[in-house]
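J.: Chain residues, written in single-letter form:
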Amino acid sequence: MFIPFFIIPDFICVAYLYSYLPETRNREIHEIVEELKAVRGRGELKKRVCGDRIQPVK
Amino acid sequence: MLRGHPHGLTPSENTWIWSLILNAVWLGNLLPAMVCPLFCDRWGRRPTLIFGSVGVLVSNLLESTAVLFHSPEGLFIGRVLGFSSQMFNFSAMILIIMESTPTELRGLCLFISGTVYTGLMGIGTAAGMHALLGWSLPLLIGFAVIPNSIALLLSILTPESPKFLLLIRGDKPAALASIRFYQGGSVSAEEVLDEARKEEGKDGDGPTGYFSMLRELVSHRHLRRAMLLGLATLQMTLGIWPITTQLLLAHFPDAQAELYSLLLFCENFAAGLLGVFIVQRLPRRRLIIGSALLSALSICAYIAFDRMALVWRMPFASYGCLAAFAVYYFAFGVGFGSIAYYITSELLPQRYRSLGQSSVFFMFLISAFAFSFITLPIYEAYDVWVGGIRDWIGVIGGSKSCEVSGVHPLLHHTRLHLRGLPL
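These protein sequence lines are chains W and Z, in that order.
So that you can map any letter, position 10 of the first sequence is 9 in numbering that gives the first Met the number 0, and since no number is skipped, the others follow by simple counting.
So that you can map any letter, position 348 of the second sequence is 347 in numbering that gives the first Met the number 0, and since no number is skipped, the others follow by simple counting.
Next up, chain W with everything else stripped away, as it sits in the complex (with noise of 0.2 Å):
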């Protein structure tokens, strides 16, 4: 019982959380705001982080 009531929800958490979750440490929040902006999905990343700072995927 615990696959569908645990494990199951935990996945899709990680998944969302690894689609979208943007980078927080040492950035102030108006740049956090601004990637989760641009952010439209993996695979559609506008933008990604690099170290501290935002730069175009090439």
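The calculated label-pair distances, taken between Cβ atoms and stated as ranges, are:
(1) Z:THR14 x W:PHE10: 32 to 42 Å
(2) W:PHE10 x Z:ILE365: 16 to 26 Å
(3) W:ALA37 x Z:PRO282: 16 to 26 Å
The calculated lysine-lysine pairs, modelled on DSSO-like cross-linking and capped at a C-alpha distance of 30 Å, are:
(4) W:LYS36 x Z:LYS171
(5) Z:LYS171 x Z:LYS197
(6) W:LYS36 x Z:LYS197
Quick caveat, the hints were computed from the structure, so don't treat them as lab data.
The beta-carbon is built from N, C-alpha and C at its ideal position, and this holds for glycine as well.
Given the structure of chain W, go ahead and fit chain Z onto it with the hints provided.
T.: Leaving out everything else, chain Z in the frame of chain W:
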């Protein structure tokens, strides 16, 4: 308790009153969850913090008096007041730490507060042992007046959040003074405020009404996504933790299972201390996702070892279950367990931070209530393994009958009690 009952309460009546008093946590937490932003945004973070601290202190006194005078109604009201006040206190505290610390120390300060909370929970649990204060309920509850009085004093001495003063109240001199208090004289307060102003951005022109902002939170993709990310991280904190002892009892004798539970709790706290050291060294994204994935995999491993031990009778597999638990508690303590409670506030701009954070807590509390309600019944009825569709129907029926007959007290030892949110 004999009022109108010459022979005392029946077991059923006793269970209902016990259940009501234990369920005060949900009533107390849910009620203020959505009201809190009104206080934090209009009144201020600091007054909300003080308000919460006063409420906690009053609830302590009320609960002690109620126990002394044998009044279950007083105890229930005291608990609801206590949990409500703690929700105000908790929300305001996260916002103040979030908005006043330097960017490079923000995560560390918030992580420390979460770990200290876990440690204090451990002290509270230990104080409840019979050898310490467990022999006297009024003393056990009343003892909390001392740390809560100190907390109230510190709340009064805490200055208002600089970002609140600048961006919501528009009081720049007070914001500068607040920055100097929190970050010292060595930083340029003007530069810090300039950086803070960028947070307003286009969102600064948005609505200010409660319901209009709530609508914006749902309709704007980046705000909605920030809340969903916060909720997903919090959702990961709901797991098999509340029934650790019950699970271990299937594999070990009573005393051994209880000892292992205690050791796992200590391990969780130790992992939290380790987390304090690594939270500023590892990218936050990697820490959250890595620890969350490790936690999910450890539950998978637990199920595998559980089957090996109970179905295939492999004796070493019981220790595999224990090892899986050890990994689970480690992952929880070192990473997402503490971060989950503040990540939402890191993802939202100033204007929506308080309301967004409270909305996520509100949704999480409903989810946590549902999970805490069903975890033990489904385990007792159907073990850790998944059954067929008939089992599912049975679970739904079983949880409803549990609702009618009164809830098992252990159901209330949820993770909420042990992490971030108030007990």
